[in-house]
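There are 2 protein chains.
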Amino acid sequence: METPNLPDGAWIRFLRAHAALTRELSSRLEALHELTLSDFDVLVQLYYAEGRRMRRIDLARSVLLTASGITRLLDGLESCGLVAKERCESDARVAYAVLTKAGVKKIEEARESHLADVEELFGSRFSPQEREQLGELLGRLP
Amino acid sequence: METPNLPDGAWIRFLRAHAALTRELSSRLEALHELTLSDFDVLVQLYYAEGRRMRRIDLARSVLLTASGITRLLDGLESCGLVAKERCESDARVAYAVLTKAGVKKIEEARESHLADVEELFGSRFSPQEREQLGELLGRLP
DNA sequence: AAGCTATACTTGAGTTCGCAAGCAACTATA
DNA sequence: TATAGTTGCTTGCGAACTCAAGTATAGCTT
Numbered sequence: 000m001e002t003p004n005l006p007d008g009a010w011i012r013f014l015r016a017h018a019a020l021t022r023e024l025s026s027r028l029e030a031l032h033e034l035t036l037s038d039f040d041v042l043v044q045l046y047y048a049e050g051r052r053m054r055r056i057d058l059a060r061s062v063l064l065t066a067s068g069i070t071r072l073l074d075g076l077e078s079c080g081l082v083a084k085e086r087c088e089s090d091a092r093v094a095y096a097v098l099t100k101a102g103v104k105k106i107e108e109a110r111e112s113h114l115a116d117v118e119e120l121f122g123s124r125f126s127p128q129e130r131e132q133l134g135e136l137l138g139r140l141p
Numbered sequence: 000m001e002t003p004n005l006p007d008g009a010w011i012r013f014l015r016a017h018a019a020l021t022r023e024l025s026s027r028l029e030a031l032h033e034l035t036l037s038d039f040d041v042l043v044q045l046y047y048a049e050g051r052r053m054r055r056i057d058l059a060r061s062v063l064l065t066a067s068g069i070t071r072l073l074d075g076l077e078s079c080g081l082v083a084k085e086r087c088e089s090d091a092r093v094a095y096a097v098l099t100k101a102g103v104k105k106i107e108e109a110r111e112s113h114l115a116d117v118e119e120l121f122g123s124r125f126s127p128q129e130r131e132q133l134g135e136l137l138g139r140l141p
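Chains as they are written, first to last, in numbering that gives the first Met the number 0: chain B, 0 to 141; chain Y, 0 to 141.
In case anyone wonders, no lab produced these hints; they're calculated from the structure. Just so you know, not all the hints are guaranteed correct.
[Stated by the list, open to error] Sample of chain B residues facing chain Y (criterion: CB under 10 Å; computed from the structure): (1) 12; (2) 109; (3) 120; (4) 124.
Computed from a predicted structure; not experimentally measured. Think of the CB as a built atom: it goes at the ideal place given N, C-alpha and C, for glycine as much as any other residue.
Just need the whole structure built from these sequences, with the hints factored in.
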């Protein structure tokens, strides 16, 4: 007999919430700063990285893109002048992505409004305590 | 002064977890049943719907796709014979998506392994209590 | 040093979506 | 009953990815 149980309510909500939130956040980010959510994500990683530079492959892994995904995303950011490509002297296979001056400026401009958006759509729905717990629970996942 | 605080830890983890989980789940689903995660999502919605049919637009909204997204996704499921398209008699604008016999069979086959995968990668990381709480927290989001 | 194997990156092809625009049918307003 | 607005659906186009395959470099292993 078929029971109409929904054993994965949390998972479904997880999926729906992601779709709704990324759509809204991405569209705001695009409207105000002409950045994708992924663009922003990459720029922030670089912003906080040692010397504001990272190997492309490490960047890819840290934002969970494939190597080819990062190549194309950086193509865009490079042609906007936000990121520069530099070769590694000790290993000719690797290249670095480096935040340019314009890139630093961009991310500092965008960060504020984006964090406010994240806060509005995501953070503000939880108490500080809940927020911490949610972070802990989600942190078990990757 | 720039403080290196990361005020959105939960949000970043949310994004990363989503990327990692959907990639893995989708690839398993594709390998075993030739279904996308979205395909599966749609089929499940239909499976539990009254008469195993839904207006296409309601289906779109329930899985958070756009109208055009649903058109194309259903194109695929229709050409596989898993879903059929039916017109509405009382309103010529609307069309229904109906699960076919093959569609029912498909979803019943796929459901088991997919739920096991969700359990393995997602659910099993939490106690029943945590799971419930996570569901509640995520439920505030859409 | 010659030959594997692994790593970093790029490129071509294909997929999955969203947005904008358009059509057709319903509804409300005048 | 004309007109205007709304709703459901589809289509053209483009963006963002992934996978598979290819190139070049590095590091072993013998």
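TODO: List in ascending order the numbers of the hints, as given earlier, that are violated by the structure.
DONE: 2
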